[in-house]
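Chains as they are written, first to last, in our numbering: chain A, 15 to 270; chain B, 15 to 270; chain C, 15 to 270; chain D, 15 to 270.
Honestly, the hints are just simulated from the structure, not real lab data.
One or more of the hints may lead you astray.
[What the hints assert, rightly or not] Label-pair ranges, simulated between beta-carbon atoms:
(1) Val136(D) to Gly27(A): 29 to 37 Å
(2) Asp17(C) to His257(B): 39 to 47 Å
(3) Ser70(A) to Asp158(D): 35 to 43 Å
(4) Arg24(A) to Asp45(B): 27 to 35 Å
(5) Pro253(C) to Asp158(D): 53 to 61 Å
(6) Glu119(B) to Glu119(C): 27 to 35 Å
(7) Pro191(B) to Glu48(A): 18 to 26 Å
(8) Leu255(D) to Thr20(C): 28 to 36 Å
(9) Asn39(A) to Val136(B): 21 to 29 Å
(10) Gly23(A) to Asp108(B): 33 to 41 Å
(11) Arg24(A) to Pro191(B): 27 to 35 Å
[As the list claims (entries may be wrong)] Negatives, chain C to chain D, calculated, CB over 10 Å:
(12) Phe19
(13) Thr20
(14) Arg24
(15) Arg25
(16) Asn39
(17) Asp73
(18) Ala157
(19) Ser190
(20) Leu208
(21) Glu211
(22) Gly213
(23) Met232
(24) Leu255
In this text, a Cβ means the ideal position worked out from N, Cα and C, and glycines have one as well.
Number of protein chains: 4
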Amino acid sequence: MDDVFTLAGRRLGSRLLIGSSGYPNRQVMLDAIEASGAEVVTVSIRRISLEGYAESMVDLLGGRWTVLPNTAGCQTAKEAVLTARLAREALDIDWVKLEVIGDRETLHPDSEELLRATAELVGDGFQVLPYCGDDPVVCRKLADAGAAAVMPLGAPIGSGLGVSNPRAIERICARSPVPVILDAGIGTASDAALAMELGCAAVLLNTAVAKAEDPVRMAAAMKHGVEAGRLARSAGRIPILTHAEPSSPQLGLVGS
Amino acid sequence: MDDVFTLAGRRLGSRLLIGSSGYPNRQVMLDAIEASGAEVVTVSIRRISLEGYAESMVDLLGGRWTVLPNTAGCQTAKEAVLTARLAREALDIDWVKLEVIGDRETLHPDSEELLRATAELVGDGFQVLPYCGDDPVVCRKLADAGAAAVMPLGAPIGSGLGVSNPRAIERICARSPVPVILDAGIGTASDAALAMELGCAAVLLNTAVAKAEDPVRMAAAMKHGVEAGRLARSAGRIPILTHAEPSSPQLGLVGS
Amino acid sequence: MDDVFTLAGRRLGSRLLIGSSGYPNRQVMLDAIEASGAEVVTVSIRRISLEGYAESMVDLLGGRWTVLPNTAGCQTAKEAVLTARLAREALDIDWVKLEVIGDRETLHPDSEELLRATAELVGDGFQVLPYCGDDPVVCRKLADAGAAAVMPLGAPIGSGLGVSNPRAIERICARSPVPVILDAGIGTASDAALAMELGCAAVLLNTAVAKAEDPVRMAAAMKHGVEAGRLARSAGRIPILTHAEPSSPQLGLVGS
Amino acid sequence: MDDVFTLAGRRLGSRLLIGSSGYPNRQVMLDAIEASGAEVVTVSIRRISLEGYAESMVDLLGGRWTVLPNTAGCQTAKEAVLTARLAREALDIDWVKLEVIGDRETLHPDSEELLRATAELVGDGFQVLPYCGDDPVVCRKLADAGAAAVMPLGAPIGSGLGVSNPRAIERICARSPVPVILDAGIGTASDAALAMELGCAAVLLNTAVAKAEDPVRMAAAMKHGVEAGRLARSAGRIPILTHAEPSSPQLGLVGS
């Protein structure tokens, strides 16, 4: 299937984006990212770590994959905007996965701060990919503000609950003028497939692979899951019936 | 992954089994089966059609795929046993997907007749793969009677409802001494992935591919879905949490 | 609502049946049964305990409630039939909740043995209420064999999972010629309400009340849950929409 | 159970709040409200209709029930604040269910506008009950802004989908400093019971009753459903097990 996906002006062959945090070690991380088939890898930006962690990650990953800096852990628009700018200066990368967390327990996005930061960073020339709730109004406003995509959560970060509210995601996909990327909550491959079947353009995940017993194998599972869901979505599934429908011809039964 | 699957003494490279009924035409059927990667294809046996339909299907498919005759539409053990024997004589095939339907509306298996027919056909030297309900006691009895696998339904045939009772399937898989093949109900690729994640050894489907808008593409989706679920199962998924868990390191936040 | 329920020839005002096992003590049991509003109370029959446990339970409960003996723990038709006969002799009660368990781990009914025992006890003049799987063919055969009701499980006994396969229960209710009583699996009041909304004539439960932190209060909750579901079922619920529908008039908005 | 519920300083005996829109006629509305046991009835405020519709509704309902004006259909904070003020002037009622809709298709709340309007109306001396998404950060901010309760949706208004994301509601309830009232989406009585079991302090609904085939009966169902869920929540339900647990004593089986 000729199915190129354009995200923030980048043509991508894979609809799976993957994070770089929490793997047992760097070799497993590299092997898992490789197995996932992802072309985009997110890297968390920390101010004090820019010259250490983030730069070394970009060195490690940048030759082979497209790095997408993320503002994980930021709690205000100001903090997130500052983080994104530092990342751009240090890494010369002009796109960003924008996270602005509203509380430390649920790690749920703060929509107000997110909208503010999105507008500011778009004005600043960034390609902004905001991580948001599964709220259709927030998604529309983010798109109106110039976001290159919207990234609603399936469930809380790291929870592995999958897509807790499939109808909400489906409604967002049906109406979004920009690509919808399911971000957070994925636990296993069928979750990723479902997200794609609901109409998502792509899936971003991290913990489900990094913390699996076998991250490399789970990365391969996710690759197949995203591909499965993408193909199924475009293949036009059968309707759901509440009764049975014979698949076999009903004539000429033995004994009839 | 070196993941050969042995079913009734046959070594199979694919864990997807596919049916041959209900496609728009034979070319689409052949293309879809090809795209699915399946090695085993079920063909419905009808007494009056043996010299026509079934034999011609076996001629068409037999060179490329392993044909699994099925007794679709039979309503008694006697009828099913007779059908299986006719198939063996005419086609020289000694395995059978055993269907004994308890009513024409839900197409739900009749457990009593199924157990009777299984015992009789096993005694007769058949490799028997019975299509059954998601009932752990019936599954155990079928295995005790010598079935080569058990094939519980996910949902009514042709319904596309997916796996209606995942916990029941999971319980069956956890205790079965023979391979468990999810049969019936699959609607889309994430359903197939889920079935594998629950512990099924394989998935058998027909309508979800044959009646999709694009059967060939849906067949490819199912191939990926089964592979995704198989890999995810063996990769050891993360636990499901009710709260969030940060994927990114929490130290050194900008502004902290 | 004038909504009398006839079960095995008995006119009942309550559609909740309750078990008598596993309460913290007898006073809590009596208070909980009272709070539940149930008119029928099941009592487990044990051969060696008939003169002790069961008779004393019947003495305790019989003046106030209708006792329904059950053959809990039986694993063969023979054992269950014998138990039912002993109960009738000792207690002079001619109806029975028929349990024939297929394995000790899932406590799932054994359909073959259950059908055999049902036929035999019906022939013997019993009013038989068999506890069965959520299998429409088994339910129909039980009714054909003369069962006064069918009692499919919602989920494994004591699991508190609720109704694991609502569509299966709904299909059974839609076609059953005898009352359908949801038996086993109920965990909380909304489960009981749902069972009734699916079309069940009544609900039987035990553990959810007996093992709740406050059994008496949970019994009251179940009473309301069953009543809620019964009323909702007969009130004709609104259709499920995938989009929103304003409840308020859309004309004359302030500012429009 | 002595279970008085205090909402915005009002002591209420019922945890069901009901809307007054969309009934077949006024008599059915009055009978349904009566049957629901609700003490609080919402009435939509329209500027042009204040002297007509709303005032006549308040005349009709005010003697018997506590009227809660709502700003249904408003799309900006400004519009909603204006509507609330007009209602207070005309009706002399100082509390308001605050609706600010973000789009006309999903009728999903606009969180930014809602927060703005809440702050302004709280400053103005109103008791504000905002209708919001199932977003824990928005709920916390609304409480911080002085809302008397938060009213997250279960599903889109009028959809009858029930509680689409039970875990989100549960998380909100577990952390909210103010009462959580499930508002919108309820379709049937088990939905209302579930909302209460998740920890909601109350349920507000309208369409599920007004558009049921028999609104008066459905109102009674909802009354029982809310009561069932409230009791079940406080009774301490049994844990959910994935395996079975016998409810009956396992000793002395007949035949053992």
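Right, here's what the structure says about each hint:
no., hint, verdict
1, Val136(D) to Gly27(A): 29 to 37 Å, "violated, 52 Å"
2, Asp17(C) to His257(B): 39 to 47 Å, "holds, 44 Å"
3, Ser70(A) to Asp158(D): 35 to 43 Å, "holds, 40 Å"
4, Arg24(A) to Asp45(B): 27 to 35 Å, "holds, 33 Å"
5, Pro253(C) to Asp158(D): 53 to 61 Å, "violated, 38 Å"
6, Glu119(B) to Glu119(C): 27 to 35 Å, "holds, 32 Å"
7, Pro191(B) to Glu48(A): 18 to 26 Å, "violated, 38 Å"
8, Leu255(D) to Thr20(C): 28 to 36 Å, "holds, 34 Å"
9, Asn39(A) to Val136(B): 21 to 29 Å, "violated, 51 Å"
10, Gly23(A) to Asp108(B): 33 to 41 Å, "violated, 60 Å"
11, Arg24(A) to Pro191(B): 27 to 35 Å, "violated, 51 Å"
12, Phe19, "holds, 16 Å"
13, Thr20, "holds, 21 Å"
14, Arg24, "holds, 22 Å"
15, Arg25, "holds, 22 Å"
16, Asn39, "holds, 15 Å"
17, Asp73, "holds, 17 Å"
18, Ala157, "holds, 25 Å"
19, Ser190, "holds, 21 Å"
20, Leu208, "violated, 4 Å"
21, Glu211, "violated, 6 Å"
22, Gly213, "holds, 13 Å"
23, Met232, "violated, 4 Å"
24, Leu255, "violated, 5 Å"
In summary, the numbered hints that this structure violates are 1, 5, 7, 9, 10, 11, 20, 21, 23 and 24.
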